[in-house]
Each structure stands twice: as structure tokens, then as C-alpha cells.
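Novice: Chain by chain, the residues run as shown.
There are 2 protein chains.
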Amino acid sequence: MRCVILGGSGFLGRHAGQAMAAAGYEVWSVDCNQIDPATDAPWLAGQVRAEFAAVHDWWRECGGADVVIHLASSTLPATASADPVLDVQVNLVGNLRLLQALREKRARGANPRLLFVSSGGAVYGRPQSVPLAENHPTMPMGAYGVTKLAVEHHLRIEEATHGMAYRVLRLSNPYGEWQRPQGVQGVIAVFAHRALHGLPVDVWGDGSVVRDFVYAADVGQAFVAAARHEGGSRVFNIGGGAGHSVNQIIATLEQLLGRTLERKVFAARPFDPPVNVLDIQRAREELGWQPTIAFEEGVARALEWLRTVPYEPH
Amino acid sequence: MRCVILGGSGFLGRHAGQAMAAAGYEVWSVDCNQIDPATDAPWLAGQVRAEFAAVHDWWRECGGADVVIHLASSTLPATASADPVLDVQVNLVGNLRLLQALREKRARGANPRLLFVSSGGAVYGRPQSVPLAENHPTMPMGAYGVTKLAVEHHLRIEEATHGMAYRVLRLSNPYGEWQRPQGVQGVIAVFAHRALHGLPVDVWGDGSVVRDFVYAADVGQAFVAAARHEGGSRVFNIGGGAGHSVNQIIATLEQLLGRTLERKVFAARPFDPPVNVLDIQRAREELGWQPTIAFEEGVARALEWLRTVPYEPH
Numbered sequence: 001m002r003c004v005i006l007g008g009s010g011f012l013g014r015h016a017g018q019a020m021a022a023a024g025y026e027v028w029s030v031d032c033n034q035i036d037p038a039t040d041a042p043w044l045a046g047q048v049r050a051e052f053a054a055v056h057d058w059w060r061e062c063g064g065a066d067v068v069i070h071l072a073s074s075t076l077p078a079t080a081s082a083d084p085v086l087d088v089q090v091n092l093v094g095n096l097r098l099l100q101a102l103r104e105k106r107a108r109g110a111n112p113r114l115l116f117v118s119s120g121g122a123v124y125g126r127p128q129s130v131p132l133a134e135n136h137p138t139m140p141m142g143a144y145g146v147t148k149l150a151v152e153h154h155l156r157i158e159e160a161t162h163g164m165a166y167r168v169l170r171l172s173n174p175y176g177e178w179q180r181p182q183g184v185q186g187v188i189a190v191f192a193h194r195a196l197h198g199l200p201v202d203v204w205g206d207g208s209v210v211r212d213f214v215y216a217a218d219v220g221q222a223f224v225a226a227a228r229h230e231g232g233s234r235v236f237n238i239g240g241g242a243g244h245s246v247n248q249i250i251a252t253l254e255q256l257l258g259r260t261l262e263r264k265v266f267a268a269r270p271f272d273p274p275v276n277v278l279d280i281q282r283a284r285e286e287l288g289w290q291p292t293i294a295f296e297e298g299v300a301r302a303l304e305w306l307r308t309v310p311y312e313p314h
Numbered sequence: 001m002r003c004v005i006l007g008g009s010g011f012l013g014r015h016a017g018q019a020m021a022a023a024g025y026e027v028w029s030v031d032c033n034q035i036d037p038a039t040d041a042p043w044l045a046g047q048v049r050a051e052f053a054a055v056h057d058w059w060r061e062c063g064g065a066d067v068v069i070h071l072a073s074s075t076l077p078a079t080a081s082a083d084p085v086l087d088v089q090v091n092l093v094g095n096l097r098l099l100q101a102l103r104e105k106r107a108r109g110a111n112p113r114l115l116f117v118s119s120g121g122a123v124y125g126r127p128q129s130v131p132l133a134e135n136h137p138t139m140p141m142g143a144y145g146v147t148k149l150a151v152e153h154h155l156r157i158e159e160a161t162h163g164m165a166y167r168v169l170r171l172s173n174p175y176g177e178w179q180r181p182q183g184v185q186g187v188i189a190v191f192a193h194r195a196l197h198g199l200p201v202d203v204w205g206d207g208s209v210v211r212d213f214v215y216a217a218d219v220g221q222a223f224v225a226a227a228r229h230e231g232g233s234r235v236f237n238i239g240g241g242a243g244h245s246v247n248q249i250i251a252t253l254e255q256l257l258g259r260t261l262e263r264k265v266f267a268a269r270p271f272d273p274p275v276n277v278l279d280i281q282r283a284r285e286e287l288g289w290q291p292t293i294a295f296e297e298g299v300a301r302a303l304e305w306l307r308t309v310p311y312e313p314h
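Which chain is which? The protein sequence lines are A and B, in order. Residue numbers for the first sequence follow my numbering, so the first one is 1 and each next one is one higher. Residue numbers for the second sequence follow my numbering, so the first one is 1 and each next one is one higher.
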């Protein structure tokens, strides 16, 4: 069985590749950025430099696919809001082209299952109740979530009208090895990296805001489970199973480092919901998946990896 | 008060213009197709030939706007499914450009309210319960509905983040004068036109399928009400208030014409929900709007107008 990972050289792409290879898949990466398999990704059978939507550019080189894990995205919530037209062009139009191309592959006898990565933090919008189950109303508060949700709808329609196999994983906030600490996402990586280099961490309000963090190697296992899932559900929340506050992140880092972190405190942001945690009951029951790495252990592993990353101011 | 209608020369655009003018608005049409105001639209203060999203091309010529009614769309459910990328480019990207341009107008002191026409038949998907209220889950079954829904989300976000005033009208199936009988939409116009010319009408299954039809002049009044609405709701179903079966349409036409219509019967389509009717309670309560023209009267008016339309085979 061959698994092609669109965006396979990125943070989650590496965790997905490692997990799928350990589960017996031949793993290929399709990405505009290449990595050195010898040092960074020994599980890779091969990689192709291509745009994710240009299926004809990578399909033959990979030798086809039984599972396609779609992690390719060039936008983030902030960049999507700043330029929603670009977000639509890259992600929505790109995904429609991907679906069209996969339809042509099915007409020739292939039948890859597409695993699409959506965002549990973006598609639901402001929580009406916590934890957020998959049937919570979807009222995204930003362009990023609108596009993710539109792609989810197109996947559902593509199955109903053209028989495409797919599953959607709505991730909470993944963290772990290979997450770059220079980004605007990934508070754990950013805090840990700054703490390692003796820099203060930015806190909005009193640090009581609770978010859902999921260790990225556990997300990798969720892809394996979704690739094999035979039940009726199509959309799964993939989260840590419990929330952690900003203060808890800092306390965990302080315990691991054996010293106090300096905080730079800003006014609370009124648009931040106080609690945002995913209900992962469906994934537990139908995928037989659940997080296996405790929060403190995951943060410790992320911290160890970050010790190997040189400091770069951003 | 000035009202600019994007798509003002079309079927619904004319009804909207007539109603807004009668309510005291100075009405302008922005459309790629021009109409002869002397014979076809005496209520028009002026018209501009422009793309709806090219706000800078029409804003100054119209003299600005207090209300913008957005009826411009070059796709239909069938064409959107056939080419979803084009639907995204024209409608979703076009609407994002429209929102961006209106943001710039607000920065210069204007504050037009945007009335967006969505589709009660497309955004909800297969009814889980009937009649469909505005809080029914939105699970569109085609690209047309996915795009309409994405635009609705972007409007909500634009209000939350940038203070744009808007209302969404989710229409059922409008019918009445000016609806072209050559299209693929508008079963009443198609049936009436064919009946007038002694041609059989196409019926899938036993004709018991029930749909929601709303007389277009009543839709025109809904725009007037939505332009003035001051309450908290943003999305309103606009429908006929009750469903009518295909058999009822045929019986109404037979009564009006005083003769039996010939039917061409095809196999029932399994994807057609048996009943699809909108709940218009919110519009009744918050807009003070409801349909005023009985179904038989509306069909009679549509039929009289169609007598003026020469037969064109399609």
C-alpha cells in the first residue's frame, strides 16, 4: 500500500510519514520543499517536487497512491484573513483541481482515499458549548475556516456524486518535534524556544485561556486509523482530549527547565474564547484512536528537539 | 436614499427595482446586460454597464449607494457543478472583491447595506425536517450551495471584523413576470410557456414532489423590508409559506388555460427530496414580511406575461 503525503516535508507531514511507514505503507512526499531523507526522513520511499494540485506531475512518479494525506497549505489563519482571495485561489481552487484530477484517476481504475486536514479551531467558530463535537454548528470567524469548511463540503459532495473515498481530520493545535518556533502558530514551540534562549514569553490577559493541544506523533497515528477506517462517519475531531491553559504551558516549561519564565503581559484580547477544546469521543469510538502521550511528556519531547534548533529572531 | 441593484436587468432585479422605487428609493442598475428603461424599467434612475465586483467602475457613476442589492450571478446549480472552479472564481472571488471595495468606501464615509441573495434550496441540503428554518444544518449538495454558504460566512465575518451592514435572503423558487421560460430553472415559467404553445411538460415520477414557490413581486417587497430591518437577525428565509406539488402546478395551469396539459413522464429521480419547503416565520416576525399574492394569482400573472414572449425552442 502506497501513501502519498501532500506537504510531506513539513511539521505534520513528517509525523504522518513516520507513522504511516511504521504501519507498513510505502511513503512518498509531494512538496515544493525537499528534505534530506538520509538525515531527516529515513522512512521516505521517495519525494517529488510539485504543487499538490498538479496531480499529473506527481502521480506517475510516485507510482500512484492508495492513500493521499493532504497537508499542503500555504496559508495560515492570519494570512488568509489578510488576503482571502489568495487563500481561495490556493486552497479552495487548488482542492477543486485536486478532486477533478483524482476523479480522472478513478476513471482509470485507481481509488485512493483522501485524508484531508481541517481545523477544529477554525471551522466551528465561537464555541456554543465545550467540548466541541463534530455536530457543533460551523460558524467560522475567519477566511481560513470558511475555506476549510468549503473544502469539507466539496469532499462530501464528491463522495455523493462521484464516489470518492475520503476522511476529514479536524485537528486542534498540534505540537511536537519539527514544529518551527519562528512561526506565528504553535504557542508551545514559540514559548519553549524563547524560554531556551532566555527570552520572555508574550501572554495576553491572565493566562487562563484554555486551548486544545495534541501531540503531533499522536496525530500521525490518527492518519493511520483514518486510512483504515471502515465506518460511516467522515469527519473526526483529533485533539488532546483535555484543555490546557497558557499558564499550564508555562508551568510545564518551568518544571522541565528548572527555572522561572519571564512573562511579557498584554491586555486580554476580547475575541479570544476563554475555552476551546474538542470532543474526541467519535475518534475514540470509531477510529479506535486516542492520544497516548501525556501533555508533560509531549512538551518535554518538543523541548528536547528545540535544543537542536539555533535561535533565529523573527 | 439610493439603491444600486447588481444584476438589475434580470428577472429578480426588475422586481427588486420596481419594489424599491415604489418604496421611495432612487434605483440604479449595474449589469453587463442593459435594458430599455422607457419600455422595460421606467422606475430606473440610471444604469451602468459593469461587472458587479468592479465597484470603482460603477460607484461614482451611480453617485454612491445606501443599499446594494446583489443579484448578479452568472452561474446556476447545474453550471456550478459542471465547473466548480469557474463558480468559485466568479461568485466567491467576485464577492470577496466586492467586500474589499465596499470596505474602502466605508473608510471614505459611505455605509451601504448589502442585501445578498442566497438560496434556500441549495444551502441546507437534504431536509432533516420540513419546513426548513434558518437554523437547520447547512449541508449543501452541490457546488452552487457551497459557494453561496461561503459568501454568507464571509459577510458575517465582514460585519464582525469590519462593521459592514448586510442581510442575507435565502430565497425558495421565485416565479413571475420577466422569468425567461427558456432556462433550466423556473419550472412554472417552463411549464406555462410550453402549455401556451401546446407542448407537453416533463414530469419526473408521479408529480407528487413538493417545492416552495414565491411570487417574485413578493420577493421585491422582501428586499424593501430587509433594507429597513433594524433587528438582530442577519439571515432570512423568503418563501411562499407553503409547498406546491408538480401536480398542483399543472392543475393550476390547466384551470387557467381551460384545457388538459400533456405530460411526458420520466422515472423519478432518487436524489430529489420529496418535500422542500422553507419556514418563513422569522421573516414574518422580524421583517414584517409575508407573501401577499396567492399561488393561483401569481401563476395567472406569470402566464399573462408569458403570452407576450415568442416561442423559442431550447
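These are calculated hints, taken from the structure and not from any lab test. Each hint should be verified, as a subset may be incorrect.
Because identical chains cannot be distinguished in the list, a pair is counted as satisfied if it fits within a single copy or across any two copies.
Unchecked claim - No more than 20 Å apart at the CA atoms, straight line, and that leaves these computed lysine to any residue pairs for SDA-like:
{"no.": "1", "residue 1": "K264", "residue 2": "D202"}
{"no.": "2", "residue 1": "K105", "residue 2": "G163"}
{"no.": "3", "residue 1": "K105", "residue 2": "V85"}
{"no.": "4", "residue 1": "K264", "residue 2": "Q34"}
{"no.": "5", "residue 1": "K105", "residue 2": "E61"}
{"no.": "6", "residue 1": "K105", "residue 2": "T161"}
{"no.": "7", "residue 1": "K105", "residue 2": "V203"}
{"no.": "8", "residue 1": "K105", "residue 2": "S74"}
Note that the structure is a prediction, hence the values are computed from the model and not measured.
Novice: If a hint holds in the structure, say so; if it does not, say that too.
Specialist: Hint by hint, here is what the structure shows:
no. : hint        : result
1   : K264 - D202 : within (5 Å within a copy, 71 Å between copies)
2   : K105 - G163 : within (12 Å within a copy, 45 Å between copies)
3   : K105 - V85  : between (29 Å within a copy, 19 Å between copies)
4   : K264 - Q34  : neither (37 Å within a copy, 60 Å between copies)
5   : K105 - E61  : within (14 Å within a copy, 50 Å between copies)
6   : K105 - T161 : within (16 Å within a copy, 42 Å between copies)
7   : K105 - V203 : neither (49 Å within a copy, 36 Å between copies)
8   : K105 - S74  : neither (25 Å within a copy, 30 Å between copies)
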